[in-house]
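Engineer: Start from the sequences and build out the full structure, keeping to the hints where you can.
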Amino acid sequence: MSKHGKDDLRGSLTGGEGMKLENIKFFRGSREGEISRADFEAEVRAAAERKKSGKVVVGNIPAWKDKTVDVREVVGKN
Amino acid sequence: MKASKFIGIFANWFELPLDPQVHVKKAILEHFPGRLQIDFFPDADLNPEIMRGEFKMLKIKEHDEWHRHAQITVSTKQDLKWQRFVACKEQMHVFDAPDNRVSSSKAVNTLIEKLRQSRDKVENLESYGADGIPAAFDYLAEFYAAAVMFPMAARNLVRPKVDAGTMTLDEVVDLVGIPKSYVEDVLADSWPHLHSALIRL
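First to last, the protein sequences are chains A and B.
For the first sequence, position 29 (counting from the first letter as 1) is numbered 28 according to numbering that gives the first Met the number 0, and the numbering increases by one without interruption.
For the second sequence, position 115 (counting from the first letter as 1) is numbered 114 according to numbering that gives the first Met the number 0, and the numbering increases by one without interruption.
Just so you know, not all the hints are guaranteed correct.
[Stated by the list, open to error] List time: in silico DSSO-like cross-link candidates among lysine-lysine, alpha-carbon distance up to 27 Å:
(1) A:LYS54 - B:LYS24
(2) B:LYS60 - B:LYS25
(3) A:LYS66 - B:LYS160
(4) B:LYS60 - A:LYS66
(5) B:LYS25 - A:LYS19
(6) A:LYS50 - B:LYS25
[Unchecked claim] What the simulated footprint calls covered on chain B by chain A, stretch by stretch (three residues with Cβ under 8 Å from a Cβ of chain A suffice, anywhere in the stretch; the number is not a length):
(7) 4-15
(8) 44-52
(9) 147-157
(10) 178-192
The set of hints was computed from the structure by calculation and includes no laboratory data.
These numbers come from a predicted model, not from an experiment.
A virtual CB, placed ideally from N, CA and C, is assigned to each residue, including glycine.
Structural biologist: Printed below as a string of structure tokens:
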């Protein structure tokens with residue numbers, strides 16, 4: 000990949016004026032074997048673009064359970 | 000605070016399931032030195048075969064003051080247990096030491112180069128080399144997340160029940176709400192040793 004292409008990737012990750020990218024990390028996907036550089040970069044760029052365009056916005060993932068339980072009580076019943 | 004210290008906060012936690020967007024976020028905000036905002040971005044188009052999630056820390060200047068904004072992106076194309084685990088793992092990077100942070104073009108490209116390798120290579124920390132430390136911590140953060148979401152105190156109560164056959168692995172997974180593979184890691188004989196090592200890092 001050209002230096003220009005790599006810089007574009009870094010550029011797509013910043014938040015804009017008045018913002019600095021301090022750190023970025025990824026959770027590698029489940030694909031077995033190697034993931035192509037093109038596929039990985041495309042996913043990174045597309046994710047950034049969806050946030051910038053407002054297609055992906057701040058939200059919550061669903062809760063696993065409505066209430067928590069005390070494990071001490073759970074094991075007492077088993 | 001380091002992630003290694005942070006997992007100690009949850010070591011004696013008994014209330015399950017932990018919610019990464021409530022319990023973990025609250026604890027991070029209480030222990031992070033400085034002004035920090037954490038937001039989650041559920042992304043229905045992010046391909047979890049390539050990338051399950053992303054952590055991004057931005058420094059933002061407002062009125063001549065800098066504050067930090069952590070953006071956690073989670074693919075919602077994956078099972079809820081995975082979404083919860085990713086949301087926790089990515090938050091662990093709030094505590095990344097300066098040496099482990101990735102921000103330059105070169106570092107971003109090196110990180111991608113390491114992570115895009117096959118999973119068995121990603122899991123072989125000895126193969127990372129000197130430039131692979133941030134990628135190694137990207138992988139290690141999975142263990143920190145497992146330690147947070149399935150606290151040691153809870154694990155020590157559940158493990159004898161599993162051994163005795165009065166509690167199944169699936170029941171434990173339902174209790175904890177993270178992928179089975181990480182539940183198995185925490186229930187393993189080797190976990191107390193690994194947990195101690197993680198706290199010392």
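Engineer: With reference to the structure, classify each hint as holding or not holding.
Structural biologist: Going through the hints against the structure:
1. A:LYS54 - B:LYS24: It holds: about 24 Å lies between the C-alpha atoms, which stays within 27 Å.
2. B:LYS60 - B:LYS25: Distance of about 24 Å is within 27 Å: holds.
3. A:LYS66 - B:LYS160: Roughly 22 Å separates the two Cα atoms, so the pair holds.
4. B:LYS60 - A:LYS66: violated, 39 Å
5. B:LYS25 - A:LYS19: holds, 24 Å
6. A:LYS50 - B:LYS25: Distance ~24 Å between A:LYS50 and B:LYS25 Cα, so the pair holds.
7. 4-15: holds (count 3)
8. 44-52: holds (count 9)
9. 147-157: holds (count 4)
10. 178-192: As far as the region 178-192 of chain B goes, the hint is violated, because 0 residues have Cβ atoms under 8 Å from chain A.
Taken one by one, the earlier hints fail for this structure at numbers 4, 10, listed in ascending order.
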